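Engineer: Sequence:
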Amino acid sequence: LHFSTMAIVSSIMSTSVDLSSSGVCVFPNTSKIFGNSANQLPTYLRLSTSSRYFLPTSAEISELIRHAKLRLAASISKVPLKLTREEKHQDHVASPEKGHDVFEKIKHRFLTFKKDKYMDNLERFQSLAKSQSPKFMVIACADSRVCPSEILGFQPGEAFTVRNVANIVPTYENGPSETKAALEFAVNSLQVENILVVGHSRCGGIRALMTMDDDETEEDIDSRFLLKTSLLYDLPNNAHSSSPICIDSFPRSFIKNWVVIGKPAKSISKSAASELSFDQQCQHCEKESVNCSLRNLLSYPWIEERVKKGILTIHGGYYDFTECTFEKWTVDYKERSCGERKLAVKDRSIWS
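The sequence shown begins at 1 in the UniProt record's numbering and counts up by one.
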């Protein structure tokens, strides 16, 4: 580094330059970022010299620049960055020892994320702290084996995500649900440009749907539950009593109440794959239920309006984690017929 460059570094960091030696003593001026700097130790950079130049290593230069960027970012955003002195100087985050509770592993993962991703992309994360503008909304299954951010590489701020059992989208006419609330926020407030519904292999929710009686409806499930719970009250002998005997004797199936929304997909799969095994029928229904959700999306007036104008596109996806393949397709709204049960799609592709 030339002496003028060292002067710039000195303005960013509190430094002491010994021109008669090959060292620079750096006192990080980071009290605004890390709090009290009374216990901070100076950093000594070893420099190789010639008659005119100081030549620090690339690692030393990177460290100086990193400190400068941190200080600048903190002074602009006024966001406190609470890094301990140990975190600043560690090259890696220590792995949890065997025998520690499960949160030690989670803590280790968080600290690794903070060091390797958050601090290296500080400006981006500070920008996300102010607002979000994702281009995608993803509706995926709650299955622990299906993580959209992991399998599709979505980074923080890129996809507004909601996960539920069997990645189901209810129709607009159905009652309130967290999925409908998420859709309203993503489409009307965030104004996402794409909605992607992702199904997957070996889905337990779809299997539950496929084992239900063909003529079973959500109303039937509710009626049976009400009938069972009414039997819990011994009205003839205790006409004035309102205490149930044992409500746990007749547990309600929230799963059935939810997956019955996908009954049209089940009917199509039973018909199209009637000659196949039950497992193959389930696999067919896993894909068909995605199309059922895509059809249901178009029942929302504010979604269909945006799709019709071309400012919102809806897509289906299927992740087969047994073979690690991903199938993607897009709804072709122009070719859609309101009277057809089958959805018109385009741009189908398989990634393997």
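One thing to keep in mind: the hints can contain errors.
As the list claims (entries may be wrong) - 35 angstroms max Cα-Cα, derived DSBU-like pairs, lysine-lysine:
no. : residue 1 : residue 2
1   : Lys334    : Lys263
2   : Lys256    : Lys270
3   : Lys256    : Lys180
4   : Lys309    : Lys263
Hints were generated in silico from the structure; no laboratory data involved. Predicted model, so just to flag it, every value in this text is computed and none were measured.
Engineer: It remains to establish, for every hint, whether it holds in the given structure.
Structural biologist: Right, here's what the structure says about each hint:
{"no.": "1", "hint": "Lys334 with Lys263", "verdict": "holds (26 angstroms)"}
{"no.": "2", "hint": "Lys256 with Lys270", "verdict": "holds (18 angstroms)"}
{"no.": "3", "hint": "Lys256 with Lys180", "verdict": "holds (19 angstroms)"}
{"no.": "4", "hint": "Lys309 with Lys263", "verdict": "holds (30 angstroms)"}
Violation of the numbered hints given earlier is absent; every hint is satisfied by the structure.
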